[in-house]
Amino acid sequence: MKNSVLFGTLAMAGLSAAAASAATLDDVKARGNLNCGVVTGLAGFGAPDANGVWEGFDVDVCRAVAAAIFGDENAVEFVPTTGETRFTALSSGEIDLLARNTTWTFSRDVELKFDFIGVNYYDGQGFLVPTALGVTSAKDLDGATVCIQTGTSTELNLADFFRANNITYQPVAVQTNAEGQQQYLAGACDAYTTDASGLAATRATFEAPDDHVLLPEIISKEPLGPLVRHGDSDWADLNRWVLNALIAAEELGITSANVAEMAAAPTNNPEVNRILGTEGEYGAMLGLEPNWAVAAISAGGNYGEIFERNIGENTPIGLARGLNAQWTDGGLLYTPPFR
Amino acid sequence: MSETHAHTTAFVRDAVLPQQPPPATASGPLRWMRDNLFPNWINGIMTLIAIYVIYRIVSGLLPWFISPTWDQPSLSACRALFTELGQSTHQACWGVINDRWRQLMFGFYPAELYWRPTVALFVLLAGLAPVLFGGFPRWFMAFALASPFIIFTLIWGGTIWVPIVVALGLVIAVVAFRGLVKRNAILATFAGIVLPILFWLFLVGPLTAVLSDALPIGLDPVRSNQLGGFLLSVVIGVAAIVLSLPLGILLALGRASDLFIVNKISIAFIEIVRGVPLIVWLFTASLLLNYFLPPGTSFDLTLRVIIMVTLFSAAYIAEVVRGGLAAVPKGQYEGADSLGLSYWQSMQLIVLPQALKISIPGIVNTFIGLFKDTTLVLFIGLLDPLGLTNAIRASTDWNGIYWELFIFIGVLFFVVCYSMGRYSMYLERKLQRENR
Amino acid sequence: MSSMTDSPPRESFRLSQLIYDTRYRSLTIQVFTLVLVCIGIYWLGQNLLTNLASLGLQPNFAFLNSRAGYDITPSIGTWITGYTSAATHWDAALVGVYNTLLVAFLGIILATVLGVIAGVLRLSRNWLVSRMMAVYVEGFRNVPLLLWILLIYSIFSEALPQPRDFREVEGAVSAASMTWGAFAATNRGFYMPAPVWGPGSGVLVAVFVASVVAAVLYRRYARKVLFDTGRMLPMLWPMVVIALLPVIAAYFVLGQPVSLSYPELAGFNFSGGLRVDNALLALWLALSLYTGAFITEIVRAGILSVSKGQTEAASALGMRPNRTMNLVILPQAMRVIIPPLTSQYLNLTKNSSLAIAVGYADVRATLGGISLNQTGRALECMLMLGLLYLALSLAISFVMNLFNASMKLKER
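Chains A, B and C supply the protein sequences, listed in that same order. Going by UniProt numbering, the final residue of the first sequence carries number 339, and the count climbs one at a time with no gaps. Going by UniProt numbering, the final residue of the second sequence carries number 436, and the count climbs one at a time with no gaps. Going by UniProt numbering, the final residue of the third sequence carries number 412, and the count climbs one at a time with no gaps.
Hints in this document: simulated from the structure, not taken from any laboratory. The reader is advised that the hints may include incorrect statements.
[Claimed, not checked] List of simulated lysine-lysine pairs, DSBU-like, C-alpha gap at most 35 Å:
(1) B/Lys-330 / B/Lys-182
(2) B/Lys-330 / C/Lys-224
(3) B/Lys-330 / B/Lys-264
(4) C/Lys-408 / B/Lys-264
(5) B/Lys-430 / C/Lys-408
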């Protein structure tokens with residue numbers, strides 16, 4: 001008790017013990033909240049509302065993890081990170097989990113020493129152009145000016161794409177999506193390129209969305225996923241299986257509405273029982289309560305609910321499930337079994 | 001008398017004429033215009049050009065500014081309103097300010113606690129009053145000294161015992177120094193430095209725990225990452241300036257000192273810090289500072305930024321104070337020496353009071369610069385007002401909004417910086433009068 | 001005190017003397033400070049190594065030789081180094097250095113010009129003009145530079161026409177057209193004719209350099225005549241003639257070796273000619289206007305510091321006002337102006353690192369931005385960046401100190 005009082009007072013002054021030690025879960029539990037790195041503002045994926053409450057697709061992953069650990073989806077501190085500060089924030093222990101539309105690449109995984117815990121959004125890099133340009137393919141963009149966010153993997157893909165097709169372009173570097181949107185609408189660049197999801201989200205908020213078109217080419221694979229530090233496999237496992245639980249929940253028909261009911265008593269489906277903790281000791285193996293997945297799913301719903309609420313077709317962002325549908329529906333979401 | 005007078009000399013006027021107004025060209029607005037706007041033809045042309053420029057700017061901007069959109073909940077609502085009114089959509093949508101001004105001011109600070117930063121601001125102004133204006137009773141100085149601790153408690157909340165116990169360390173330092181200085185000055189200095197450090201390192205924790213268990217008084221704690229907007233700018237700026245003052249003064253003394261090594265170390269620190277842009281230091285704070293601390297410690301980003309900006313502003317304060325030290329007449333230094341005062345005594349009693357007084361306008365100007373530069377923290381992901389514009393523009397309601405936010409922020413910065421600049425000029429004039 | 005040190009008492013050395021004896025005390029303090037600083041640096045370095053080792057990262061500059069893989073907007077840096085995305089991170093850093101140097105150099109010149117003009121106008125008798133200058137100074141000084149950079153950049157991209165507005169449409173007036181068929185201001189950049197150096201242009205350049213030297217020599221001669229005899233030779237026109245006439249003559253004699261390539265609308269953008277990126281222009285303008293506002297106040301204070309008697313004496317000698325300003329007031333004001341001016345130049349150079357806000361590829365954006373982000377080598381990049389800016393600052397201080405020394409009152 002004494003320690004926690006002191007700890008609280010010191011933490012409020014900004015001083016806190018590092019999470020860089022071996023057992024991240026212990027540190028997180030001792031601290032009483034999860035530190036989750038998010039984007040500084042990207043429509044649908046992570047932004048604070050007028051009351052300062054963070055919401056978005058990536059943000060809900062943080063909330064689910066917090067709910068799995070503490071049973072409280074609000075036991076999470078959101079740390080806004082930029083494209084440049086995100087990796088150091090994670091490796092220095094300032095955040096425990098980075099959920100910020102980050103592409104899973106070899107060098108980030110191996111050279112920068114991170115562990116991607118899965119993919120929560122399968123994306124690809126696309127181009128947005130005004131219909132008036134009359135461009136139908138990205139290969140028609142020879143000599144065009146292209147707006148591109150700096151500090152992202154899209155920058156490298158763009159250079160490679162134009163080089164491979166032996167055509168030229170002029171990059172206009174922008175810092176944030178909001179800035180890219182403004183430059184693009186002002187006509188300072190002919191095309192705007194970033195992850196196709198972001199382009200669709202951006203286009204949806206235009207004054208006249210029909211004057212702009214997404215080109216058919218997707219020039220790269222962008223598996224976006226949350227990541228943790230390399231070296232703490234227990235912590236990586238925990239995060240990985242929370243994400244898997246969200247995806248599996250959708251596959252198995254567990255929703256935020258019926259999860260309490262399904263968890264109340266063992267159902268006929270053993271896998272549902274194992275996820276919801278009515279069978280087996282899966283929670284304990286992760287170092288969590290037996291109802292960890294119940295809490296995670298109650299927080300924001302299963303993967304499908306999170307998708308629909310933040311970026312789905314009924315939101316202003318209006319993204320179709322596409323690659324992010326369950327494998328049973330022709331998408332790529334395919335969780336390993338809970339067994 | 002007058003009658004006879006009138007009688008004798010007919011050409012002398014016997015009654016005072018009613019006063020005529022001066023000719024229109026020699027007084028009033030016409031005279032003023034001739035003197036100040038059209039004294040010669042070159043100036044006349046410049047005036048006409050100036051009037052034209054002002055007309056173009058005002059006529060271009062005014063229709064954009066005047067826009068009945070204060071109550072609109074989103075950008076699309078604004079656009080719908082313009083279409084309904086049959087106006088061009090190239091008009092300001094002020095609803096965003098109405099919707100988000102609290103966030104721009106306080107960041108994510110809990111809404112029901114907004115009174116705390118507000119009170120803290122008044123405590124700050126009151127605490128600064130004796131320093132800035134002079135002529136306050138002595139007991140007020142005690143309040144000024146306590147005000148940093150009060151402000152800390154108000155903004156971050158938590159148990160009140162932490163700031164009290166930390167302040168106790170300072171009291172211990174003063175008591176130890178005062179008690180021993182008669183016996184042995186060196187020992188007193190040593191005790192004055194080492195005792196409080198030992199106290200802070202080893203006793204603050206347990207003592208605070210005991211006290212807050214016994215008497216749990218305090219405010220709701222607020223974490224640093226809930227600070228944002230102008231509150232964050234002010235907190236970083238004020239904390240950095242206040243914390244950098246002691247270090248800055250030491251560095252200035254070091255730079256003015258004859259001791260070779262001390263002098264060179266001070267110069268190296270000052271020049272290295274001043275030679276590198278703040279944005280590089282901020283990135284260092286964000287990316288590297290944690291690496292320089294013992295393994296296992298970690299500060300949150302706001303605190304790291306405050307540490308870095310403090311070091312940064314210390315170098316600038318040092319240069320300002322160096323100017324102040326140079327402006328103290330040499331006779332004062334010599335007078336202090338001839339009284340047989342030691343170096344620290346002469347500095348403390350004779351030189352620094354005068355030098356610091358001269359330096360205050362410079363310190364205020366440094367603060368203005370620093371306050372403006374706090375906007376750079378947006379590049380490392382802190383949500384200052386400019387950083388918040390990104391977050392606001394990422395919400396679906398306000399995606400695509402631009403000028404309104406930047407103009408609002410610009411005007412706020414202008415008001416604060418302009419008034420501080422005026423104050424610093426007033427101080428300079430006052431000092432000139434006093435030195436005459 | 002001096003009497004004590006003159007005849008030191010002959011006695012054996014005691015340890016307490018290190019503290020109490022003024023002869024030794026300063027040494028003690030210095031050694032003590034040095035040891036403390038060394039311990040501090042050692043402590044920080046040790047922490048750094050321990051932390052990096054525990055993360056499995058080792059300081060290593062080898063990444064500089066690996067392929068950068070990203071493109072940079074065409075700029076002076078890419079032009080000098082011939083940068084492509086196949087070049088290395090080191091090349092990208094060099095591009096950034098050139099771009100930083102360019103914007104700092106241009107900024108210093110424009111800021112000085114703006115500052116001096118506004119400073120003189122600020123003291124104008126014309127109420128409206130001096131008020132406007134006051135508004136300029138206060139407006140720019142009291143609002144963060146970052147905000148101005150963003151605003152000016154947005155004004156450029158919102159207010160200027162797009163390249164496709166220049167396209168001629170059948171049966172309609174195109175939305176924008178080029179000035180004199182040679183200049184185009186678009187929201188992506190300014191296009192202007194670029195010289196094409198044909199054979200024989202080397203001779204032309206040599207002639208140009210020679211005639212500029214000749215013009216300078218003439219100026220010296222005219223000054224000497226003025227100081228020796230008091231006769232005032234015309235200055236401006238002869239200098240222009242000496243500088244330009246031989247060049248024009250040589251240009252035609254050599255058969256017009258230099259031609260111009262005009263920008264032309266081709267595809268999405270203009271091609272040919274010289275393109276100045278809007279990011280550079282906006283950054284340049286914002287830096288210059290911001291720093292110019294500070295220089296205005298410095299110039300004003302400098303001019304006010306020259307006593308009124310000087311102006312009156314000059315007009316008593318029959319000098320015209322602009323001569324009074326050039327020959328009497330400004331030279332004296334310079335001595336007050338230069339030291340604060342130096343620090344403004346340093347500020348401008350350091351502030352050019354805000355190029356990040358408009359996507360101008362300065363060294364902060366390439367080495368300290370994209371390269372850092374792609375390789376994750378934060379320590380190495382920041383170290384190089386810090387040293388580079390430090391060297392730049394020291395170089396500027398050095399030059400300005402030389403200039404200051406040359407402007408000092410020559411006491412005879």
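Now for the hints, and whether the structure bears them out:
no.	hint	verdict
1	B/Lys-330 / B/Lys-182	holds (29 Å)
2	B/Lys-330 / C/Lys-224	violated (44 Å)
3	B/Lys-330 / B/Lys-264	holds (23 Å)
4	C/Lys-408 / B/Lys-264	holds (27 Å)
5	B/Lys-430 / C/Lys-408	holds (30 Å)
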